[in-house]
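*Asks:* Given chain A's structure and the hints, the job is docking chain B onto it.
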Amino acid sequence: DGGITQSPKYLFRKEGQNVTLSCEQNLNHDAMYWYRQDPGQGLRLIYYSQIVNDFQKGDIAEGYSVSREKKESFPLTVTSAQKNPTAFYLCASTSSGTPYEQYFGPGTRLTVT
Amino acid sequence: SQQGEEDPQALSIQEGENATMNCSYKTSINNLQWYRQNSGRGLVHLILIRSNEREKHSGRLRVTLDTSKKSSSLLITASRAADTASYFCATDDSGGSNYKLTFGKGTLLTVNP
Chain A
1 DGGITQSPKY
11 LFRKEGQNVT
21 LSCEQNLNHD
31 AMYWYRQDPG
41 QGLRLIYYSQ
51 IVNDFQKGDI
61 AEGYSVSREK
71 KESFPLTVTS
81 AQKNPTAFYL
91 CASTSSGTPY
101 EQYFGPGTRL
111 TVT
Chain B
1 SQQGEEDPQA
11 LSIQEGENAT
21 MNCSYKTSIN
31 NLQWYRQNSG
41 RGLVHLILIR
51 SNEREKHSGR
61 LRVTLDTSKK
71 SSSLLITASR
81 AADTASYFCA
91 TDDSGGSNYK
101 LTFGKGTLLT
111 VNP
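Chains as they are written, first to last, in the numbering used here: chain A, 1 to 113; chain B, 1 to 113.
So here's chain A without its partners, still in its complex pose (with noise of 0.2 Å):
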């Protein structure tokens, strides 16, 4: 099966600590994104990467860091300077060819207490 698979689908932390959130993805695309939702809302981007050890800063960057050392894996991290932690996070990827449409993860929720 092709996707994007994001793990796990809820998490719980303790502020002040810091939490990775992972995204996998086998449909050999080329950009990933992070998202995030707070309830109601829309998405905002977090952060997005075009290609391998490469990535840009979105629009709410501030508080959150990510790597992609490897085309599939584009894991972001919460840490604790992030002032509202709590959200919903979606994972996205496109193709290279066409980077219109993007493919979405089923999400993680994390709650920071």
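Treat the hints as calculated values from the structure; they're not laboratory data.
Check each hint, because a few of them may be wrong.
Stated by the list, open to error - Per label pair, the in silico range of CB-to-CB distance: (1) Pro8/A / Asn38/B: 15 to 23 Å; (2) Tyr10/A / Leu61/B: 29 to 37 Å; (3) Asn26/A / Arg50/B: 25 to 33 Å; (4) Ile51/A / Lys26/B: 42 to 50 Å; (5) Ala81/B / Lys9/A: 50 to 58 Å; (6) Asp38/A / Pro113/B: 26 to 34 Å; (7) Glu69/A / Arg80/B: 38 to 46 Å; (8) Gly3/A / Ser68/B: 35 to 43 Å; (9) Ser12/B / Glu69/A: 29 to 37 Å; (10) Glu62/A / Asn38/B: 26 to 34 Å; (11) Thr113/A / Glu55/B: 43 to 51 Å.
For clarity, every value in this text was computed on a predicted model and none was experimentally measured.
Every residue, glycine too, gets a C-beta built ideally from N, C-alpha and C.
*Replies:* Okay, now just chain B, sitting in the frame of chain A:
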């Protein structure tokens, strides 16, 4: 900055009726896309319309684009209870990267059986 803005924020209709959602955006675009999100899930791509197109159909979906008004509409005909979801428009920026999309806040559609 937020590019697409959907209207209305919420829409409730009866099964069999048509549903129309609107999207407005601010800058010039290469294309506009519509996505669907079931509660607690990732987004699914529905349809893409290019800036030089005025109307596009896909099954029960009809999308229009008016670049002079910077607006788009999504029409779902003969709605079904299974169409209940949030619908988002997403735009690129013709002056920026093709890889980066900006999503609106979405329209929550409820189709009552």
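*Asks:* In this structure, is the beta-carbon distance linking Glu62/A and Asn38/B contained in 26 to 34 Å?
*Replies:* holds (30 Å)
*Asks:* Does the hinted range 42 to 50 Å hold for Ile51/A and Lys26/B at CB?
*Replies:* violated (29 Å)
*Asks:* Given the hint of 25 to 33 Å, is the C-beta distance from Asn26/A to Arg50/B inside that range or not?
*Replies:* holds (29 Å)
*Asks:* Holds or violated: 29 to 37 Å for the Cβ distance of Ser12/B and Glu69/A?
*Replies:* violated (47 Å)
*Asks:* Given the hint of 38 to 46 Å, is the C-beta distance from Glu69/A to Arg80/B inside that range or not?
*Replies:* With Cβ atoms ~44 Å apart, the hint holds.
*Asks:* I want to verify a distance hint. Is the separation of the beta carbons of Pro8/A and Asn38/B within 15 to 23 Å?
*Replies:* Holds, at about 19 Å.
*Asks:* Does the Cβ-Cβ separation between Gly3/A and Ser68/B fall within 35 to 43 Å?
*Replies:* Between Gly3/A and Ser68/B, where Cβ atoms are some 39 Å apart, the hint holds.
*Asks:* Please check whether Asp38/A and Pro113/B have a Cβ separation lying inside 26 to 34 Å.
*Replies:* holds (30 Å)
*Asks:* Does the Cβ-Cβ separation between Ala81/B and Lys9/A fall within 50 to 58 Å?
*Replies:* For Ala81/B and Lys9/A the Cβ distance comes to about 25 Å; the hint is violated.
*Asks:* Does the Cβ pair Tyr10/A, Leu61/B satisfy 29 to 37 Å?
*Replies:* Because 32 Å falls inside the window, the suggested range holds.
*Asks:* Looking only at beta-carbon atoms, does the pair Thr113/A, Glu55/B fall within the given range of 43 to 51 Å?
*Replies:* holds (49 Å)
The structure shown violates the earlier hints numbered 4, 5, 9.
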